[in-house]
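Asks: Throw the hints in and build the complete structure from the sequences for me.
So the chains spell out like this:
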Amino acid sequence: MAAPATEMDLTEARISDLTLPKGGWSEAARTDALARLRQTGLPQRRDEYWKFTRPDMLTQAGAQAAVFEHSEAPIFGAMDVLRIVFDDGVFNPDVSDALAMEHVSIERLADTDADIHWAKGVYGVLETAGQTPVARPLAALNTAFASDGVLIHVTGKAPKPISLVYNHGKETSDAILHHVIKIEAGAELTILENGPAAARFNKVMEVDVADGAFFHHVRAQGRDHERLAATHIFARLGTESTFKSFTLTVNGRMTRNDCVIELTGDDAIAHVAGACVGDGDFHHDDTVFVTHDAERCESRQVFKKVLRNGAVGVFQGKILVKAGAQKTDGYQISQSLLLDEDAQFLAKPELEIYADDVVCSHGSTSGAIDDEALFYLRSRGVPESIATDLLTLAFLAEAVEEIEDEALREVVVDRLEGWLERHRS
Amino acid sequence: MLTIKNLHVKLEEEDKQILKGVDLTVEAGKVHAIMGPNGSGKSTLSYVLSGREGYEVTDGTAHLGDVDLLDMEPEERAAAGLFLAFQYPVEIPGVGNMTFLRTAVNAQRKARGEEEMSAAEFLKVVRARAKELQIDADMLKRPVNVGFSGGEKKRNEILQMAMLEPKMCILDETDSGLDVDAMKLVATGVNALRDAGRGFLVITHYQRLLDHIKPDVVHIMADGRIVKTGGPELALEVENNGYADILAEVA
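Line by line, the protein sequences give chains B and F.
First residue of the first sequence? That's 1 in this note's numbering, and the numbers climb one at a time after it.
First residue of the second sequence? That's 1001 in this note's numbering, and the numbers climb one at a time after it.
Treat the hints with caution; some may be incorrect.
Using C-beta positions, here's what the derived DEER-type ranges look like [as the list claims (entries may be wrong)]: (1) G1231/F / E372/B: 43 to 53 Å; (2) E352/B / E1132/F: 50 to 60 Å; (3) E421/B / T1003/F: 33 to 43 Å; (4) A1137/F / I353/B: 35 to 45 Å.
No lab work stands behind these hints, which were simulated from the structure alone.
From a predicted model like this one, the values you see are computed outputs, not experimental measurements.
Think of the CB as a built atom: it goes at the ideal place given N, C-alpha and C, for glycine as much as any other residue.
Replies: In structure tokens:
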């Protein structure tokens, strides 16, 4: 059934100024994605997973102006990484490193017009799988119209992280990037991402993690406050593979992060975590869908949000355990620390279990700073503002500790400390 | 050192007078003990002095040296040299004990216009003090008081006291929940801090703590007032006869 007329108008209006790249291996996938998008239409407020987040700003034709203003240096800037830089969604070769590294092949989506390519088996494929049972039209739009992105093929342990840097300069830039990452059996890769990217950013990352492979992902969405972003991660995990993703979000008027993970091989591990801090005109939505379709897999969802002054946090997290996914170990926690009475946290935790020998736990809480702990710290001479920051960082710790690498964890904590210092009441 | 005059305090939430005119002076170098039955206002006195919310001072004054305590925020009172060892030390998940101690020490130094302690110097001092109190490296690393036994929590209070080097220490029922060995260890820690320049106010129900921390002066508190003051022998009298006799005598 095609989407109703008004939705179609909206969808057609949105895509009227986009061009579907022609030719090469990706054309068929793009054409299919456009058909998927036209089937569902862009998200509406009445859609079940858009009740807490207004989709308008993310779906309307043309991006609203967002002026890039910030004082902080880019995070991860001082680390030994292979840098790949996009300015308003356009690859910038002048400030990027050579796209080459031992055990890793890196190409640009925009460059690869051959008819046959390894990425064909992943591009739009994981996204399509992730459209069931919940449609993700913004991801289909992305697959159809993505202007660029990186295609990363990993065959061994990558010697250093790949850092994707998204600069934002133009006032109304509307960027669509699509990355494909394929990690072969036993291989290992760390991806870092940071930067405001564009006035509006639509990004998809498809990650195929083969048997025994590792994927680490640390992302920082920050600095530019006015930006809007809708991002999707689609991951497929093979036997005994590991996927770990952490996202830090500071600032941003509107951020919607979808993460769709499918555990398809036995004994796989998937951890997805996020820490966000929002002040004022800030809306942050984490929507996570983890499917257990193999035995003895472990999944963890750890999301913490610090909100104040009208900021809104949303968490929609699901663990789906299919029949036969015995010995599943699923965990989900979403918590908010509301620093005043104007902040809002909306949570929808879901478990759907069809296997009978599983352990799944979930919890969701909203709370304020603990007065007893605050007085205890102050009675030792710690000023109220510093004590509040300490307790706020303590609240976020469980999410931040999901970052395995200590150096990365430290830069994330530094960012949080800086933000808290600048946003004291 | 600590001078309390005619202190009247009521609970903010309910209109209930707890302290009804407390007069108390603790001199530098002296240990004063306050004993008294449940509900006499002992813990309220410690909370009011340290600046906890929920209490309203309706009359009277409290000074540390010549600074007016009642005018200050809790952190300012701490920086001025006041320390309260809590009856129930608070657990703070996610804040490492070491981070907490260093933040507190340096915040007080900063407030007093002194130079902050370097990480290396701090580590050296804290290790030495912790060793005296039989606090191991693991306890220093763990989140503040989380998963600590009753004895460990109280030793951790004394470690904070040792690191912060306050002028005036208030110990609120530090003996509660401790077995004899734990109490001895805590008392040894406190005695090590006894100093000509430092005053102590030890609040307790029972005389047994005072066997280990020997007071110079003992006060009996009842119904929001100090009703009797004497030497260490007063504590023994309480131990032998209970509070009833004393209260009857002053009534």
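Asks: Hints first: check each against the structure and report whether it holds.
Replies: Results for each hint:
1. G1231/F / E372/B: 43 to 53 Å: With Cβ atoms ~37 Å apart, the hint is violated.
2. E352/B / E1132/F: 50 to 60 Å: holds (56 Å)
3. E421/B / T1003/F: 33 to 43 Å: holds (38 Å)
4. A1137/F / I353/B: 35 to 45 Å: At 43 Å between Cβs, range holds.
Hint compliance for this structure: hint 1 is the single one not met.
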